[in-house]
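Chemist: Here is how the chains run, residue by residue.
There are 2 protein chains.
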Amino acid sequence: VPELRKDPITSRWVIIAANRAARPNEFLAAPPRRVAKVCPFCRGQENQTPAAVATYPGIRSGRSAADWQVRVVPNLFPALTSDRRFVLEQNGLFETGPDVGIHEVIIESPHHLVSMCDQCDEEVALVLGVYRDRLIAASGRPNVVHAIVFKNVGVAAGASLEHTHSQLLALPVVPATVAEEECGAQQYYQQHDRCIYCDLIEQEQRAESRVVGRSAHFVALCPFASRFAMETWILPAEHSSHFEQTRDAQLVELAQMVRQCLLRLQVALAGVAYNFVIHSAPFDTAALGHYHWHIEILPRIANAAGFEWGTGFHINSIPPEQAARTLRTVDLSCFIPTGEDVSTRKTS
Amino acid sequence: VPELRKDPITSRWVIIAANRAARPNEFLAAPPRRVAKVCPFCRGQENQTPAAVATYPGIRSGRSAADWQVRVVPNLFPALTSDRRFVLEQNGLFETGPDVGIHEVIIESPHHLVSMCDQCDEEVALVLGVYRDRLIAASGRPNVVHAIVFKNVGVAAGASLEHTHSQLLALPVVPATVAEEECGAQQYYQQHDRCIYCDLIEQEQRAESRVVGRSAHFVALCPFASRFAMETWILPAEHSSHFEQTRDAQLVELAQMVRQCLLRLQVALAGVAYNFVIHSAPFDTAALGHYHWHIEILPRIANAAGFEWGTGFHINSIPPEQAARTLRTVDLSCFIPTGEDVSTRKTS
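In the order they appear, the protein sequences are chains X and C. For the first sequence, the numbering used here begins at 1 and goes up steadily by one. For the second sequence, the numbering used here begins at 1 and goes up steadily by one.
The following block holds chain X by itself, in its conformation from the complex (with noise of 0.2 Å):
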C-alpha cells in the first residue's frame, strides 16, 4: 500500500509506492520503439483496465455508447487511491501520511495516436471537457484537497505507455510548487490588490517579444524566467483561478490553442517529449482574486542534472525571447485542423 512521506527537514512530500514497480514500460529498451505487443488504452482492450469511471462517446452522430472517443479509468498501479482521512503518524523526527487521494488515467482516444496534435480541435475540446468533468468529481471526494492534471509525451518526459492519455492525481495536501506560486501570488496581491498573473499577461502582451499567440481569451507565451527550453504557458485572458470555471464555449478556442502551440513545438522540435500540467487553485477555496490557472507545457530537451537536483535553479540554453520568436513562426497553414472522421484512422 503506498504511503506519504515527509522530509523532517525540508518539509518536501514523497509517495512511496512500492506496488508502481511492477508497471509495464513499453520504453524500457532505448532508443524508444513502438512495441508489438496489445496496447491496452486501444479500443477492443478495455478488459486490459479497470472498470471505466466515465465513458464519452464520439463527437459525431450516430455512435453506440460502447463506441467511445474518451475513457477514464482508475490507474492500474496507482500513487494512491483511499478517500481516508489523511491523519499523520509521527515516529520521532518522521512523519508518515496514508494513503489518500485519486489517480485516474485519461485515454484521449480508442485509436493509438501519440499525440494531442493528431486530433482535430473538437476531440481536444472533448479532452479539455473531460479534465473539467474529472476535477469537479475530484472536489467532490472527501479528504483530498487538490488535484493536477498532467500528460507524459515520450519517453524523456517520463511516458511509460505510447497511446495518447493523460492523467489526473488528486492529493490530500497542496503540492509545493502550486503553494509555492499561490503563496507568491498572494504577496502581490496584498501589495498592489492585483492578480499578478493578469498584470504579467498585459506586461508581455505590451513587449510582444515572449509572446507565441493570442485568441480571444487566451494568451501563449514563453515565461520570462523559463525553466525548460521553449517552456510554454497558455493562460486565460481574463481573471479565473479555477480552470474547472472554464466554460464550454472556451473549451474548444482553449482546444485550438493547446493543440497549436503542441504543433508548433513539434516543427520546430520534430519528434520533441514534453509533459503538459494544468496548475489550477486548490477545491476547498471559492474563486480567488490572486490565483490564476494556467497551462505548462515543459519540454524535456536537457537532462535535468545534479546541478538542478541540487540546487533548484535551472540552466536553460535558450533564451524565452528566441524561443517564442521560433515558435511564432512556425507556419501552420499546412496543419488546417482536418475534422475528418477518427474511425476512417488507422489504429494499432
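Hints were generated in silico from the structure; no laboratory data involved. The reader is advised that the hints may include incorrect statements.
Partial pick of chain C residues on the chain X-facing surface, computed with a CB cut under 7 Å [claimed, not checked]:
hint	residue
1	Ala17
2	Arg20
3	Ala79
4	Phe94
5	Leu200
6	Leu298
7	Ala305
8	Gly312
9	Phe313
Small disclaimer: the values here were computed from a predicted structure and weren't measured. Glycine included, each C-beta is placed from N, C-alpha and C at the ideal position.
Dock chain C against chain X, hints included.
Modeler: Here is chain C on its own, set in the frame of chain X:
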C-alpha cells in the same frame, strides 16, 4: 553572456545561458555509447580545455608536474563567469541579475575512466581534497555566497562527457534547495537547540533499517523520504556545517565510504546513471550549529515526469528500507581497492 532571471511569482532562479547551446554532447545518439573522437579530458589533450586553474600530481612518487592526476579547468561553456557585483535590474515585474559566478570542471583522472568506482580510495581522497581546495578558493572570491559541487554520471543523469569529472558552480545567491534545508534546520534548532541532522543520524542508527554503512566518522543511509529509488546520503557523524572544514585525516575514510556506496549502487543496479551532490553551508557564515553538510547520491532510474515537475512531489517505487537492505547486502569483497599504479591502466 549568461544572465540570471527570477520568476516574478515563485522567486525561483533560472540561468539563461545561450552560450551553452553549443557545448558538445557525446550522448546525442541513443543508446549511450563511448564515442571514438578524442576526449578533451584525457592526458595529452590538455590544449582542448582552457588553461588549468590548478593541477595535482599523482599520489605515487616520481611524477613530473606535467604528469597530473587531477586537473581543474574553467568550464569551456560556463553557466556563470564574472565577479561583478550582483545588482538586480528591474523591468516591470521582471528582475534580471548579471552573470556572476564561477564554473569549474574537476577532471578526476588523466585516464578515460567513467566512474569513481574505477579508482582506488587514495585517488578518490585526492579528488575530495580538490573539492575542499576549490570550495575554499571560491569562498575567497568576491560576490559569490555559495558553491555546489556536483557530478553527473551517465546520460540519464545529464552527463554530456563520459570521462570521470565533477563540477563546481559558485553562485551569487544561496540556491533554493540549500536555503530550504537551512530554513527547516534552523526552525528545529530554535525549538530544540540541536542540529536536526545530528538527531536524524541518531534515530537512523537506532532504527538500523535505512543505514547502508558506517565508519568511524561517517554514516551512509537511504533517507526516510527518499525522492529517488536507491537515493543515498553520506553525512559526517560529528556535527560539521561546511564540507571545506573536513580534515586531511578524514578524507581517505570519506573516500572509502563514497567509493563503497557507489560500488554498492553499481552492483545493485548495473550501469545506473546518477548525480552526486555536495550540500554545504553558505560561504558567508561561520560554523553553523544547525546546518550539517552532506553528500546526496541520486540514482536516475525513473525519469521525473509531469507529476514531479508539476507538483514538486516525487514518487518512489522502492521504499528506502528495501533499498538500504539491498545496498547493505552487496558483497564488496571482490572489489578490494587494488591500489595499482594508474599508469598501467588502459587509456582511451
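Chemist: Next, verify each hint and record whether it holds.
Modeler: Hint-by-hint comparison with the structure:
1. Ala17: Hint on alanine 17 of chain C: holds, closest Cβ of chain X at ~6 Å, below 7 Å.
2. Arg20: holds (4 Å)
3. Ala79: With a minimum Cβ separation of about 5 Å from chain X (threshold 7 Å), the hint on alanine 79 of chain C holds.
4. Phe94: For phenylalanine 94 of chain C, the interface hint holds, since the closest Cβ of chain X sits about 5 Å away, which is under 7 Å.
5. Leu200: Holds: closest Cβ of chain X sits about 6 Å from leucine 200 of chain C, inside 7 Å.
6. Leu298: With a minimum Cβ separation of about 6 Å from chain X (threshold 7 Å), the hint on leucine 298 of chain C holds.
7. Ala305: holds (3 Å)
8. Gly312: holds (3 Å)
9. Phe313: Hint holds; phenylalanine 313 of chain C Cβ to chain X Cβ min 5 Å, cut 7 Å.
Going down the numbered hints, you'll see the structure goes against none, and every one checks out.
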